[in-house]
Structure formats: C-alpha cells, structure tokens
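S.K.: Keeping their order, the protein sequence lines are chains A and B.
Just so you know, we're using my numbering here: the first sequence kicks off at 1 and counts up by one.
Just so you know, we're using my numbering here: the second sequence kicks off at 1001 and counts up by one.
Mixed in with the good hints there might be a few duds.
[Unchecked claim] Facing chain B, a subset of chain A residues (Cβ under 7 angstroms, in silico):
#	residue
1	G94
2	G104
3	H108
4	S121
5	P134
Calculated from the structure, these hints are not laboratory results.
Source: prediction; values computed, not measured.
Where a beta carbon is used, it is the ideal one built from N, C-alpha and C, also for glycine.
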Amino acid sequence: MTSVSTCKPKRCCEITVTRSSPPIRCRGLSVGYNEDPVLENLSFTVGNGSTVALVGRSGCGKTTLLKTLAGILDPLDGEATVLSTSLPQSPSPGELGYIPQSLGLVMHETVLTNVLHGRLSDLGRMRSLLGRFPADAKTDAREALERVGLDGYEQSRVKELSGGQRRRVAIARAFVQEPRVLLADEMLSELDGETAQSIVDCLITLQQETGMSVVIVEHNLEMAKDISDTVLRLGAGGIEDRIESESACEPVPRQSHE
Amino acid sequence: MSNVDRTTSAASFRTHLKTFGRPLLFILVFVLAVWSIWILELHQTDFSGGADGLTFLYGAAIPPEMSVLEVGLRGLLETLYIAYVGTLFGVLLSLPVSLVASRNLFPWYLTLPARWFLAMLRVLPSILWAVIFVILIGTGPAAGVFAITLYTIGFIGKLEYEAFEGLDNEPIEAVSSLGATRLQVLRFVVLPQAINSLISQTMFMFEYNVRHAAAIGIVGAGGIGYYIMGYLDFLQYDRVVVLLAIVFLTVLVIDEFSYRLRSFFLGDMSTSISK
C-alpha cells in the first residue's frame, strides 16, 4: 500500500513522502544487557519522514533501545525491523545513521575527516587503506560544514571545538551520509537555548531534504514534544505513555499538493 | 523481581568485600613478603666481604682506561643500529597482531590465540632469545636484531592492545553503524585515536631496547656488550667502567629525547604541581 503524507506545518516543511513499509517496526521487542531486560514488550513504528522522541528518567533504557536499533546490542526477545532488515542483522551500509551521546567523533582527527566518515560506505578497500576520499565527497563535506555554520573549521581538530560545534560536526556527518534513518542520543543536552535551536534547525533541514526518519533520545519533555511527531515516554520496563505531538503531520492525499 | 534481588545481594557482597577486603589484602602482602625473605634466607646474607670487594673493584676500575673510548663508541653505534632496526621491525609486526588481540575489535576466538602468541614471545627475555639466535645463526648483530624484534613484538604488542581496548568505544560503534567495514573502522577510528600512545610506546621501547641491545652483546649478539664481556673476561675493569659510562650516558640522552618527542605529540605533560 502506498500513501502520502506531508510534514509538520510548525516546521514549515512542504515535503512529500511516499510511504511504503515503515523504516522501523518493533513488535514485542525486549532490550537490555547480558540477558537482563531493561525494557520489555515494546511495540511501535516509526513512519517515513517522521520523528519519534524517547523520553524517560536516567537509566530507564532509552540509550539501550537506541543501541539495539543501531545494531550495537542484540535484541533479547521479540521482533524489530529496521529498513526492511530484521535485527540483529544490519541494514545496507550507509542507510542507518547513529549519533551516540558522546557524538562518536574521532577527537584527534580534523573536522573534515570526521564529516567524511559519513561516506565510508562508498569507499573501496584500497582507498580505505590509503585514507583517501574522492573529490566529490570532499566537496559535499565542505558544503555540509557550510550549512551547519562551520565553514573555515575544516582543518581544526574536533577536540579544539566547543560542545555545540561538535554536535554540528556530527550533524554535518549525517548530512553527507544522508541516512534513511537517524538515531540520535541526547543531541541537545547541556546546550544553551540558542545553540539547541540551531542544532534543531540543522536537523530539520536535513530531514526536509532527505525525508529521513529520526529517533531521538531527549531528557526534556517539552523539547521532545516540540521536535517530534510522537513522544514515547519510557519507564517501569516498558512504554508508559504515548503522546502524539500537535505538530505531527496528518497524512493527506497526493492531489492536495498538485 | 528476581533480577532486583540478585542485584541487591551482589551489591551487598561487594560492600562487604570492600569493608573487609582491604585490610585482608594489606595483611596478605605483608605475610607474603616475610615468607619470601625467609625462604630466600635474605636475613642471613653475609655482608662482611662487601667492603673488601668494593675496595678491589675501585682500585681495578679507577682511573678508567680512556683508550677504549673509540672501541666503545663503535660498539655503541652497533648497539644503536640493532636497537633501532629491532624496534622498527618489532613495532610494525606487532601492530596487526595487537589489533586482532583487542577484545573490543575482534571476537574471542581470534583475540585469545593472538594474546597467547604475544605472551609466548614475552616468556623469554631478549637476552635468552639472543642465546637461541646465536646458536641458530651464529654470533654477530643479526642474532641481536632477531632477538630484539621478537621480544619487542611480544612486549609492545601487549601495550598496544591495552591501548586499543582503552579507547573510547562510542566512535568505534558510531562509525561502524554508519556502514563502515572493520578495516575502515581500524584505519579511520582506531589508529588515529591510538597514534599518540603508539608513538609514545615506540619511543619507550627504543630506549628499553638500547639498554637490552647493550646487554645481549654479552652472549655474542653484537654491540657494545660484546666488548664489555671481552674486557670482563680479562678482568680489565678500568676499561669496562668506560664502556658502562657510555651506555649510561646514552640511556640518559635517549630518555630526555623521548620525553621531548612525546611532549610534542601528547602536548605539554607538566602540571601545576610539577613546576
């Protein structure tokens, strides 16, 4: 079945997404470490181009769930499909983006190289060994840095940047990668309001352009409601509450755009 | 609930272990020390002949015979060559093994054999490897280079895999979930993160190998140790003392040089309390 949806008037986006099977679908999923479940019997889907925020107290399992979806942890029970691939198998290289809490940047490397990591799935074995990226990837990476406001920082080491700038490097990496699903862990924590807003703007622009789906872990419930279509409140070993955001997009027929 | 019970009982066991474990550990260390001294009969050591021995050594070594300086410097140069080539080969060959030995990068059925291999090379100190190579290929610097290379692989390989395992795992996980292959993760995440400690370890290893390359000459594996052994055989302590002074000064110079080089790569190491 194919239907069409538009997205979030609040974010002024006008994109049209062809909806086929949802990029993430979980049914009865249990996640945890070393056979000890932290969250059990989770069932939810993340639609094409939509954003789901995971909120809940520290230690309730938000990051564990995200790491399971990213293929870093194996699911303990139940079913989870990410981009038509059943976990624990990984989807095609480059289709899934993951930004861990500490951003997963290589601190000693330059900003440009870190952004280029988003293109590793295109790189052959020889180029990988030599560490040489093709010219078009470099051009894209420079463009991405410009868009997140980090032009001129190409040759700086990541460790020399501030927290907000580092987060923008991680987003530029996702810009260059253009994943179909982005999993982001506490992208906005410990940031002042203005910086957080600029990060959110970057993320929304990326989503508008690529139609990617986002699962974001967020501490702040208000912020979570603001940036997502659906908020899943996690706690007591499962989903406690499901809040559909007012800004969520309503599916509309294709002809409304034509 | 059973998980919670298990966690609570494990936590209380750990608390008990912390309370009683520390004093027990101190007592254990003390008892073992006394026991070892007793078994080795260290308390019955006879120091009465020591003073005479020192007087004899002093008389035999002072004044030093400076005419051996040229021989000594030639030997030192050979020692430095042996240490340099041995360290370089050792570090290059240890890298692939230590990567495979890292538990955060490869599964246990690969890490375990790699660790055994490195441990096997460490079982013998370089001087015993030198004895083996002198028997296999005869006396000379080649035996020294092989001995130093093998020991370096075992020694620095362990330091390397410990450095790799100490790396922040999140960039590794993040970049591999972006679709990078294992080779790409090693090339673009693991090595750039570890490069500074690799350089630092290599410098440490070179300094260590200069001292050992000097010693392995004693069993015929070339270098300044070969001359030291020769003069010792003829009881020419006034010459031996000159050669030992050369080794001592060289180690001091390399130590300072390696500190400066490491500071260059790792940044200034001095702190507010070290000034």
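S.K.: All hints are to be evaluated individually against the structure, with a verdict given for each.
M.R.: Against the structure, the hints come out as follows:
no.	hint	in the structure
1	G94	holds, 4 angstroms
2	G104	holds, 2 angstroms
3	H108	holds, 5 angstroms
4	S121	holds, 4 angstroms
5	P134	violated, 14 angstroms
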